[in-house]
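Q: The residues making up each chain are set out below.
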Amino acid sequence: MTGPTRRGRVSNRVRELREAAAMTQAELAERVSASRQTIIAIEAEKYAPSLELAFRLARCLGAPFEDVFSYAD
Amino acid sequence: MSHHEKFAWGSLIASLLAWSFLTMRMTDSWAVVNVSPGHMIWTYGAVVVLMIVAHATLAAILDARAGSEAGKDERDLAIAARAERIEGLVVLAAVNVLIIHALAQAAFAGHALPSIDLGTLPVLFYALLTVLFLGHITSQLATIWLYRA
Chain A
4 MTGPTRRGRV
14 SNRVRELREA
24 AAMTQAELAE
34 RVSASRQTII
44 AIEAEKYAPS
54 LELAFRLARC
64 LGAPFEDVFS
74 YAD
Chain B
46 MSHHEKFAWG
56 SLIASLLAWS
66 FLTMRMTDSW
76 AVVNVSPGHM
86 IWTYGAVVVL
96 MIVAHATLAA
106 ILDARAGSEA
116 GKDERDLAIA
126 ARAERIEGLV
136 VLAAVNVLII
146 HALAQAAFAG
156 HALPSIDLGT
166 LPVLFYALLT
176 VLFLGHITSQ
186 LATIWLYRA
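From first to last, the protein sequence lines are chains A and B.
Its first residue numbered 4, the first sequence is counted upward by one per residue in our numbering.
Its first residue numbered 46, the second sequence is counted upward by one per residue in our numbering.
So here's chain B without its partners, still in its complex pose (with noise of 0.2 angstroms):
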């Protein structure tokens, strides 16, 4: 396994541990709860934290193993253009499936498909921080996909 798989594996992993922080500070029985501005901007801070650390202690330790492995080909270069053309086209979608279904809302009152009231802060603040956490862990699914294929 090279060194940039390694990391995406790495980067999956402590994307999903934070999504699940996320959700475990934001959701009841999977239900957003109705938290104070104060407990999201610390979820927040909090989520933006881990992330920096998960991700800079793994890049430190991989980098110190693999030496000169560690910089990147044109290969890894042609993986990575492509894990992030489809994050673009994931976010693209989950976010206009966001737009459809707020609009569906509007205008369809008392439709039959799953509501999600976006017009509170905690749904719309937990929702697209899910979508962002949605892109970056299909960006590194398509890389260890593309490493392997």
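Pulled out of the complex, with its shape left as it was, chain A reads as follows (with noise of 0.2 angstroms):
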């Protein structure tokens, strides 16, 4: 579900593959149509963000969706 999430159920490695790929918040914000905010906050695991977006992240991160996002039960 989208917003705001409990740190954990939805991890990500947005943070790891932006650094990899040196690129900065702000530089991947304004690719994926969000805000630097947004980012930070699903880089620290506060908000899980909508499909569309995911997606359009692990697009640009050029990762597999499943590579970038895990969800634990």
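Honestly, I wouldn't trust all of these hints.
If you want a taste of the chain A side facing chain B, the calculated C-beta under 7 angstroms gives, among others [claimed, not checked]:
#1 Gln28
#2 Ser38
#3 Leu56
#4 Ala57
Treat the hints as calculated values from the structure; they're not laboratory data.
By construction, the Cβ of each residue, glycine as well, lies at the ideal position given by its N, Cα and C atoms.
With the hints as a guide, dock the two chains, each given alone in a separate frame, to form the complex.
A: Encoded structure:
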């Protein structure tokens, strides 16, 4: 579900992959049409992005969706 | 602090100032005074103008500073939607408190609860505007909290 999330349920590797791509949070935000604050919240796993934004992030980071996001039961 | 969080802080302060102005015009030692309809119309107009001018000025200043960050993305919209839901619940609860209080006062005269005489226009006017301010202030507080949570 999109929205503020309990830390740890939807985990992601956005920070790791962004840093590997030598991209700043502002650059990634601009490329996926989100605000820098939203990228910060996603990286801190305080916000679970919508499917659309999650796919845009994965595509922008050049990684398959399941390598970027994972869901723990 | 994001553009929208700054706007919520500004809106919160503007709303508290406008409500203080309303309280100053309508009460004396925290009791609503019996004022004329003309006084209430002037007060209502002044509060509306105050809120519009404050929010328009705030938006213009913040938009000029924020540039491309002024638009809302999906997280901003999700936070705004949650804050509006909370505001709706608070207004619903406050209106129900007023209704129950008015019914209790009619049915059980002389009860021990604090008395609000909703039968007089100045009290009704002040109570309804206070409920609207309460809802808006709650919405701004919820927005600030959700951005930080």
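Q: Classify the hint on Leu56/A as holds or violated, based on whether any CB of chain B lies nearer than 7 angstroms to its CB.
A: Check passed: Cβ of Leu56/A comes within 6 angstroms of chain B, closer than 7 angstroms.
Q: Closer than 7 angstroms between Cβ atoms is the bar; does Ala57/A clear it against chain B? Give me holds or violated.
A: 11 angstroms, violated
Q: Regarding the hint that Ser38/A lies at the interface with chain B, is the smallest CB-CB distance below 7 angstroms?
A: 5 angstroms, holds
Q: Can Gln28/A be said to touch chain B, with a Cβ gap under 7 angstroms?
A: With a minimum Cβ separation of about 13 angstroms from chain B (threshold 7 angstroms), the hint on Gln28/A is violated.
Comparing the model with each numbered hint stated earlier shows that hints 1, 4 do not hold.
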